[in-house]
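S.K.: What follows is the residue order along each chain.
4 protein chains.
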Amino acid sequence: MSEKKVRIGLLGTGRIGQVHAISIAENPNVELTYVADVFIEGAKKLAAQYGGKVTADPAEVFASGEVDAVVVASPTPTHVDLISAAIDAGVHVLCEKPIDLDIARVDSLRAKANAAKTIVALGFNRRFDQQFNEIHARVAAGEIGNLEQLTIISRDPGPAGKDYLEVSGGIFRDMTIHDFDMARFFVPEIVEVYAAGANTFSEDIKSLGDYDSAVVTLRGSKNELVSITNSRHAAYGYDQRLEAFGSKGALLATNVSPTTVKLYTNEIVEARKPYLELFLERYAFSYRRELALFIEGIQTGKNVNPTFEDGRAALVLADAATESAKTGKAVKVDLSK
Amino acid sequence: MSEKKVRIGLLGTGRIGQVHAISIAENPNVELTYVADVFIEGAKKLAAQYGGKVTADPAEVFASGEVDAVVVASPTPTHVDLISAAIDAGVHVLCEKPIDLDIARVDSLRAKANAAKTIVALGFNRRFDQQFNEIHARVAAGEIGNLEQLTIISRDPGPAGKDYLEVSGGIFRDMTIHDFDMARFFVPEIVEVYAAGANTFSEDIKSLGDYDSAVVTLRGSKNELVSITNSRHAAYGYDQRLEAFGSKGALLATNVSPTTVKLYTNEIVEARKPYLELFLERYAFSYRRELALFIEGIQTGKNVNPTFEDGRAALVLADAATESAKTGKAVKVDLSK
Amino acid sequence: MSEKKVRIGLLGTGRIGQVHAISIAENPNVELTYVADVFIEGAKKLAAQYGGKVTADPAEVFASGEVDAVVVASPTPTHVDLISAAIDAGVHVLCEKPIDLDIARVDSLRAKANAAKTIVALGFNRRFDQQFNEIHARVAAGEIGNLEQLTIISRDPGPAGKDYLEVSGGIFRDMTIHDFDMARFFVPEIVEVYAAGANTFSEDIKSLGDYDSAVVTLRGSKNELVSITNSRHAAYGYDQRLEAFGSKGALLATNVSPTTVKLYTNEIVEARKPYLELFLERYAFSYRRELALFIEGIQTGKNVNPTFEDGRAALVLADAATESAKTGKAVKVDLSK
Amino acid sequence: MSEKKVRIGLLGTGRIGQVHAISIAENPNVELTYVADVFIEGAKKLAAQYGGKVTADPAEVFASGEVDAVVVASPTPTHVDLISAAIDAGVHVLCEKPIDLDIARVDSLRAKANAAKTIVALGFNRRFDQQFNEIHARVAAGEIGNLEQLTIISRDPGPAGKDYLEVSGGIFRDMTIHDFDMARFFVPEIVEVYAAGANTFSEDIKSLGDYDSAVVTLRGSKNELVSITNSRHAAYGYDQRLEAFGSKGALLATNVSPTTVKLYTNEIVEARKPYLELFLERYAFSYRRELALFIEGIQTGKNVNPTFEDGRAALVLADAATESAKTGKAVKVDLSK
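Protein chains in written order, with full-length UniProt numbering: chain U, 1 to 337; chain B, 1 to 337; chain V, 1 to 337; chain H, 1 to 337.
Don't take each hint at face value.
Copies of the same chain are indistinguishable here, so a pair counts whether it falls within one copy or spans any two.
Calculated cross-link-like contacts (lysine-lysine; reagent style DSS-like; alpha-carbon spacing at most 25 Å) [unchecked claim]:
# : residue 1 : residue 2
1 : K248      : K206
2 : K302      : K4
3 : K248      : K44
4 : K329      : K222
5 : K5        : K44
6 : K248      : K337
7 : K248      : K273
By construction, these hints were calculated from the structure, which means they are not laboratory data.
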């Protein structure tokens, strides 16, 4: 790229903000010009390491005229306002999922977001994972014929703390939302959602009226069936698999292991060490790629990242799943409306 | 075993009948004394190879006093009457699944079957497959802690002919019924069924009002979630996998391959030949083991094979799935009633 | 086959004799007419189960006129005389490996064996193993281009008892001999042998002046290099792998597992149970196939089993390896002489 | 690390020099202060990207007083002089393998190198590969008991050009030298070398009197047997495997794949894309780790990288292999002398 560097403001310096800071630092086409966090110490620390001016107030970032784009990594309730402010300021925005936990708030921004002249991209990083991306490309290339079924198994190593879970919006809006977007990566037009939630191991989660375990069935407009299996824990590490089944065959992404080494003893053979524990490790590449493509989109004028509509669609599906899990009925959805 | 040989009458000499004939021939504790089939030529051919008297009329077998047990491998509509006749004759019976496609007919025999002094066993051979059996035993031994989720992927290499499909009772009663029984092997008390069916590739199946593809979610009484994925075709061969997920880990049965040989070229690596095509090959061991355990049950007086109630339960679940697929609602079931 | 049954005499009723008895019993084209063993109780027991007359004297078998073929499963020192007697009697013979531990004795029979009108087949059953056979066929079909390298890893679960080891002829003549034949299955014209033996774990074996561990390099006439790695023990079970490497790719046979089930815990993932322990289990199919092909050879007049020359070649290679291990020099061999 | 940055001079800016430049740039404890190459354009280009003064003369680097250490990535014939100059200048040195192709030249530097107060490290990066390193650590931790056998399979995707091959010193000094060092990583005291070379596919290599294919057997002082299999080509990509076999089990490193995605069709199942093609990709991590540990060694005063003696030992083994391949005799070596 011969274009001049894209000036970025990073809004939010928590765990995800730090991930983005690293991606920004590694990207030769980007300059970190601003770091904002109401927790000003966090902003100072990150700026000291990766550069940029510091502020506690995002408004200062938008007003500065020194950013071409912002990455929103602040708490969920701030997302709608920050996306809106970015659009007003004529600044591109990459916002972490979800847009909001309340579909009404999301819809209040919808028209504006879709009419924006600048890029409004949503951070569903898994689309950029090497494995899932490869399957997507090979399915698109017709390698397995017509896509008929998609099986997603997605289990976390262990649940987050109760504090986090309380404001998470429930398993479907917080965890499955990634799988809803993954489903839509392959089958954009989902028309029906059925979800079953269960409480199998966590009293904390149960006490919140939430589920620790779920199985979801989606139907696509071309009769594709998608099966999603979730659990908030998995003894053997982060369990992230995907299987695309088509008329001519299947493509399967197994878990990413930190090693190829296998152990053989008198008790077991072919045994590997458990899978990668943290989602930041597991999806390190996809976070970097997500930012790189966002920057590329700014420079070329062609955004390939998930859009505001993608972010909204995932929430619509999560809401439908939440309702279905309560009523025991499949819920029809029309994402085009 | 020092007991005298068990005298068997084989009723039905089609594809499955022939499988049982081989199991009988290989079992040193068994003697094939009668072979019955209205298609008398089939009976003659089998008897010539494996022994036994020949008749077109099963009643003759029961009246002969020369059988201790019968294996029912005749068409589904004959099953209820033959089980009933076996009970009346004081003869043990191993009947192929399903008992019947009509739950009313099944229920008409229920009290009698459950009160029978002789063994009434149902031919859900997959319980005896080495892989699934091993997982079951290891789950029971507590190796993965508390069972929380069960994932069954079951795809046929290709659909049967339209003639067969027309009288099959539909995908849930004909194909998924095996998976319902497998689910109950691990989670006997299923309380809820949701099913989504789809038409993805077969105009024949669609024209019958049936599905070629399905995803089913079951809930157990202890909040276990079971996910079943079915397709009537799979380019790469018979796809039969099972995954038991528990609080301490998981056990996974991958497909049985005819070979361990892997190919490495400039296009692909680690490639094996497609999986076993035919269910008779894939489940050859389990058919043999099923018969052996039936015989052992007769000799020891302790039946370990699936029972009439198991056969009924699978049909109840299939009926619930059929209803759910139509209504889009999860259907509650109480298998104990 | 519509030919009449081949009448077989089984000479020797030890462990291998019993294996052959089972293969004979399962083969519809064969009738076991005689069982001979100096340990007459062994012969009686086998005959009681599988049929045939009993004798302590093999000569009686040859004189009877009641056998078309014999299977020689008696101790190695008897092999040369029994093959010779079989030829004299005009009886086909399938003799267990090795022909003899003494190349002079083997050579004394060579001309006669090669001139025999009847089949003289050697029991290198591994050629009939499904995996190795498949690789051989695919190499022959040109799937990996020109064969350049062959890697054989062959480890026993544990060493035999000292009594057996004392008369075994040493690791190269007793254990590696199978691998020499396997090498020749792919590269018939071996021209050079280098062997390194080592004592790593067994004082018993060391005290016999034998090795418990060995690495052998063979060179074929077309510059193929063969690497053989042996150990008399392997904690994880019988380790039998083969890798054919060619100009266009490779074919690899991994170990045969009794199960596809994999365990996932917080300590390990993808772990299977150890491999099959006993060579009789591991090579059950190949023993059966070996006998079936011997019988087919008799019926069709076309022998496809390893020949007397194959048996001799393996011993020549074993002798060369024994010499090489002592001298530290590669030993040239000319198997055609 | 709170120590001040280590100032590095990079000598040589070819393919490997560029790899080291990246590792230097990524390491926060290092500053690139000088870049030297007689091909001055190469030096200029690298310095423009990664910093540092430029010179065509390494002597200027040593005289500058502005380097604490040098990385030698220039052609092999310059290595001995540059190591010597580094020692004279009191500068730490990480030198690419081999030290030299002529053992006499290596030995002329030996006493000086071993007496050096500064670190003289050799660039056998594979010791730092994640897989091989893990196996080494687990063997050291006793996980497989006593190490008895080591199997190394090492095949390049394709041969280098004839220009390179002409000055490479032959397969053993150029390619196998990595495997000799890997062998010594596990079995430092090698006492015997046997090598068989072969010409299977390359007329170019043959015309140079070199081999395109080799099998090597090493013996350790504790009777460990090491088997190395090499080829200058592999259709399926870079083939780098290692198997450590011990009294209690085995540890096996399979190839590193760029993807976990597997394809299933009617022709093949479980097929992955070919392995990583280039050694720079395959060993990217190990190159970075090698430099990081070299820097850490400088800062802590404790070198853990391979030493001059390790570099010499690998060449001694390569020479012994070259001799053995010609004479057909195992060659005794004493690396301690």
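S.K.: Hint by hint, note whether the structure agrees.
M.R.: Going down the list of hints, with the structure as the test:
When the C-alpha separation of K248 and K206 is checked against a cutoff of 25 Å, the pair qualifies only between copies, where the shortest distance is 19 Å, while the shortest distance within a copy is 43 Å. When the C-alpha separation of K302 and K4 is checked against a cutoff of 25 Å, the pair qualifies only within one copy, where the shortest distance is 17 Å, while the shortest distance between copies is 44 Å. In this homomeric assembly, K248 and K44 never come within 25 Å of each other (Cα to Cα): the closest approach is 55 Å inside a single copy and 42 Å across copies. Taking the shortest alpha-carbon separations for K329 and K222, both the intra-copy value of 21 Å and the inter-copy value of 21 Å come in at or below 25 Å.
For the identical chains of this complex, K5 and K44 are neighbours both inside a copy (22 Å) and across copies (23 Å), given an alpha-carbon limit of 25 Å. Neither within a single protomer nor between protomers do K248 and K337 lie at most 25 Å apart by alpha-carbon distance, with minima of 33 Å and 44 Å respectively. For the homomeric pair K248 and K273, the shortest alpha-carbon distance between copies (15 Å) is at most 25 Å, but the shortest distance inside one copy (34 Å) is not.
Of the numbered hints listed earlier, those contradicted by the structure are 3 and 6.
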